[in-house]
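**Student:** Just so you know, the sequences run in chain order A and B.
All you need for this note's numbering is the position in the first sequence, starting with 1, plus 636.
All you need for this note's numbering is the position in the second sequence, starting with 1, plus 2.
Please keep in mind that the hints were generated in silico from the structure rather than gathered at the bench.
Treat the hints with care, as some may be off.
Using C-beta positions, here's what the derived DEER-type ranges look like [to be verified]: (1) 688/A - 98/B: 15 to 21 Å; (2) 714/A - 20/B: 35 to 41 Å; (3) 4/B - 687/A: 25 to 31 Å; (4) 78/B - 676/A: 23 to 29 Å; (5) 76/B - 687/A: 29 to 35 Å; (6) 676/A - 98/B: 27 to 33 Å; (7) 59/B - 706/A: 26 to 32 Å; (8) 643/A - 82/B: 20 to 26 Å.
Quick caveat, the model's predicted, so the values are computed rather than measured.
C-beta: ideal position from N, C-alpha, C; glycine also.
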Amino acid sequence: QKEVEQNSGPLSVPEGAIASLNCTYSDRGSQSFFWYRQYSGKSPELIMFIYSNGDKEDGRFTAQLNKASQYVSLLIRDSQPSDSATYLCALPWRSGNEKLTFGTGTRLTIIP
Amino acid sequence: GAGVSQSPSNKVTEKGKDVELRCDPISGHTALYWYRQRLGQGLEFLIYFQGNSAPDKSGLPSDRFSAERTGESVSTLTIQRTQQEDSAVYLCASSFHRYNEQYFGPGTRLTVT
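Isolated chain A, as found in the complex (with noise of 0.2 Å):
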């Protein structure tokens, strides 16, 4: 299983509804975790980071985090055109290591 598991998509979600991101991990002792958003031709912009299990909220976005089961899910409510782009969850290479690795991103699309 690779470090970090994304699936490419594209995803394309309506205007205005939810759009649902998911990451999985295989190093149990992964403690943070972050998304990045790529727009094309464009560097990797940070828009959340998590550390602990549950939710955490900043305005649209909401990061989900269930280390248990491995898996860290980017959630945009109310999509726009503007959040088409690809999103990249990253942690870690191995637990307290300085290094990110990446996830090859999933591109979303927001259809008007």
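We have chain A; now place chain B onto it with these hints.
**Tutor:** Frame of chain A, contents of chain B only:
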């Protein structure tokens, strides 16, 4: 405040030439990272600095690649004798401390002809 900056934004070079890519991290950030992203591909880790030491160079693809950092400031990634397969966007990121979230610069697009 100012984010991570990188220069040049674009670089076109001939095969066999050396290139230097520069990264200015966010002020106060002690950790600095270099990544490479080929067209349509994911992020590939190259090297990480904590201060001016590089605890992890495991991602450097060959001995043609080297990097250095001055204190907790500017870093330079040098590619010697460039090859066409070096063509990619080179991304720099910094974080306040090595376990914290990373913030990316705009990248340098390198094209080797």
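**Student:** Can you tell me whether the CB distance of residue 714/A to residue 20/B sits inside 35 to 41 Å?
**Tutor:** 50 Å, violated
**Student:** Taking 23 to 29 Å as the stated bounds, is the beta-carbon spacing between residue 78/B and residue 676/A within them?
**Tutor:** 28 Å, holds
**Student:** Is the gap between the beta carbons of residue 4/B and residue 687/A within 25 to 31 Å?
**Tutor:** 27 Å, holds
**Student:** Return holds or violated for the Cβ distance of residue 688/A and residue 98/B against the range 15 to 21 Å.
**Tutor:** About 19 Å separates the Cβ atoms of residue 688/A and residue 98/B, which means 15 to 21 Å holds.
**Student:** Quick check: does the Cβ-Cβ distance between residue 643/A and residue 82/B fall within 20 to 26 Å?
**Tutor:** The hinted range 20 to 26 Å is violated for residue 643/A and residue 82/B, with Cβ atoms some 39 Å apart.
**Student:** Tell me if the beta carbons of residue 76/B and residue 687/A are separated by a distance inside 29 to 35 Å.
**Tutor:** 30 Å, holds
**Student:** At the C-beta level, are residue 59/B and residue 706/A separated by a distance inside 26 to 32 Å?
**Tutor:** Given a distance of about 29 Å, which is inside 26 to 32 Å, the answer is holds.
**Student:** Range first: 27 to 33 Å. Now tell me if the beta carbons of residue 676/A and residue 98/B are that far apart.
**Tutor:** 29 Å, holds
Of the hints listed earlier, those the structure fails to meet are numbers 2 and 8, in rising order.
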